[in-house]
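Undergrad: Here's the letter readout for the chains.
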Amino acid sequence: SQQGEEDPQALSIQEGENATMNCSYKTSINNLQWYRQNSGRGLVHLILIRSNEREKHSGRLRVTLDTSKKSSSLLITASRAADTASYFCATGSFSGYSTLTFGKGTMLLVSP
Amino acid sequence: EAGVAQSPRYKIIEKRQSVAFWCNPISGHATLYWYQQILGQGPKLLIQFQNNGVVDDSQLPKDRFSAERLKGVDSTLKIQPAKLEDSAVYLCASSLGASGMGETQYFGPGTRLLVL
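In order, the protein sequence lines correspond to chains A and B.
For the first sequence, position 84 matches number 84 in the working numbering, and the numbering has no gaps at all.
Quick note: to get the working numbering, add 1000 to the position in the second sequence (first position is 1).
Note that these hints are calculated values from the structure, not bench results.
Among these hints, one or two may not hold up.
What the hints assert, rightly or not - Calculated pairs, SDA-like style, for lysine to any residue (alpha carbon to alpha carbon, straight line, at most 25 Å): (1) K104(A) to G1072(B); (2) K1078(B) to K56(A); (3) K1044(B) to L48(A); (4) K1044(B) to I47(A); (5) K104(A) to L1113(B); (6) K104(A) to L1046(B); (7) K70(A) to A82(A); (8) K1011(B) to L48(A); (9) K104(A) to Q1037(B); (10) K26(A) to Q1059(B); (11) K104(A) to L1114(B); (12) K1044(B) to K1062(B); (13) K104(A) to R1016(B); (14) K104(A) to S1058(B).
Claimed, not checked - Interface residues of chain A toward chain B, partial, derived using beta-carbon atoms under 8 Å: (15) N31; (16) G42; (17) L43; (18) H45; (19) L48; (20) G59; (21) R62; (22) F88; (23) T99; (24) F102; (25) G103; (26) K104.
What the hints assert, rightly or not - If you want the ones that stay clear, here's a sample from chain B, every Cβ over 12 Å from chain A, calculated: (27) P1008; (28) N1024; (29) K1044; (30) Q1048; (31) L1084; (32) L1091.
Beta carbons: idealized from backbone N, C-alpha and C, even for Gly.
Please take these sequences and the hints and turn them into a complete structure.
TA: Pasting the structure below:
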């Protein structure tokens, strides 16, 4: 089963614009991770935020987490054509076997 | 450092045939994962190993899928017999510890399987 649900399913923007993707989940988590997947580099880890954190930055990436709303957002500032990819949120839970559960992803297209 | 290696990269088989995929994780990574990714969806965990023991195989169709991790390093995933709905990309990933607790997963390039 997939816990995370990304929104929107697809996003098309111009280079230089900001891109925002959202992720909602259903059960309590201990961390949430964002991954990027493109044909050239496969699936790559971008950033992790723990349940006791509200915001994290990494380069042009900004992630927020609202555990009361069970949601997270990923902001990519000043997008580049190379950011074209599918973006997945993945949640880690306290219970079970400490696995990650991936959402269905947001497909981002950045046009030059 | 070398990444996660997978082979083959592509495989085409007919339904009811068998197929095997191989994965070599990053050296020193205790946890190894196999995912199935159907076109347009996110990766779905099939099985997770901690060293050479199975931690979670709750979503593995055990009537046709099997996996093993030899000596806590390399792993193979087998499908026998294959069905049309098994057409997907099979991803292998590894991490130092359990990623559900915050460890980063490192993914291989995947094996694209087409069942005719």
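Undergrad: Now look at each hint and say whether the structure bears it out.
TA: To see whether the hints hold, each was checked on the structure:
{"no.": "1", "hint": "K104(A) to G1072(B)", "verdict": "30 Å, violated"}
{"no.": "2", "hint": "K1078(B) to K56(A)", "verdict": "40 Å, violated"}
{"no.": "3", "hint": "K1044(B) to L48(A)", "verdict": "19 Å, holds"}
{"no.": "4", "hint": "K1044(B) to I47(A)", "verdict": "20 Å, holds"}
{"no.": "5", "hint": "K104(A) to L1113(B)", "verdict": "20 Å, holds"}
{"no.": "6", "hint": "K104(A) to L1046(B)", "verdict": "16 Å, holds"}
{"no.": "7", "hint": "K70(A) to A82(A)", "verdict": "30 Å, violated"}
{"no.": "8", "hint": "K1011(B) to L48(A)", "verdict": "33 Å, violated"}
{"no.": "9", "hint": "K104(A) to Q1037(B)", "verdict": "10 Å, holds"}
{"no.": "10", "hint": "K26(A) to Q1059(B)", "verdict": "19 Å, holds"}
{"no.": "11", "hint": "K104(A) to L1114(B)", "verdict": "21 Å, holds"}
{"no.": "12", "hint": "K1044(B) to K1062(B)", "verdict": "15 Å, holds"}
{"no.": "13", "hint": "K104(A) to R1016(B)", "verdict": "29 Å, violated"}
{"no.": "14", "hint": "K104(A) to S1058(B)", "verdict": "19 Å, holds"}
{"no.": "15", "hint": "N31", "verdict": "5 Å, holds"}
{"no.": "16", "hint": "G42", "verdict": "5 Å, holds"}
{"no.": "17", "hint": "L43", "verdict": "4 Å, holds"}
{"no.": "18", "hint": "H45", "verdict": "5 Å, holds"}
{"no.": "19", "hint": "L48", "verdict": "6 Å, holds"}
{"no.": "20", "hint": "G59", "verdict": "16 Å, violated"}
{"no.": "21", "hint": "R62", "verdict": "19 Å, violated"}
{"no.": "22", "hint": "F88", "verdict": "5 Å, holds"}
{"no.": "23", "hint": "T99", "verdict": "5 Å, holds"}
{"no.": "24", "hint": "F102", "verdict": "4 Å, holds"}
{"no.": "25", "hint": "G103", "verdict": "5 Å, holds"}
{"no.": "26", "hint": "K104", "verdict": "5 Å, holds"}
{"no.": "27", "hint": "P1008", "verdict": "15 Å, holds"}
{"no.": "28", "hint": "N1024", "verdict": "15 Å, holds"}
{"no.": "29", "hint": "K1044", "verdict": "7 Å, violated"}
{"no.": "30", "hint": "Q1048", "verdict": "6 Å, violated"}
{"no.": "31", "hint": "L1084", "verdict": "21 Å, holds"}
{"no.": "32", "hint": "L1091", "verdict": "7 Å, violated"}
Of the numbered hints given earlier, the model fails hints 1, 2, 7, 8, 13, 20, 21, 29, 30, 32; all others are met.
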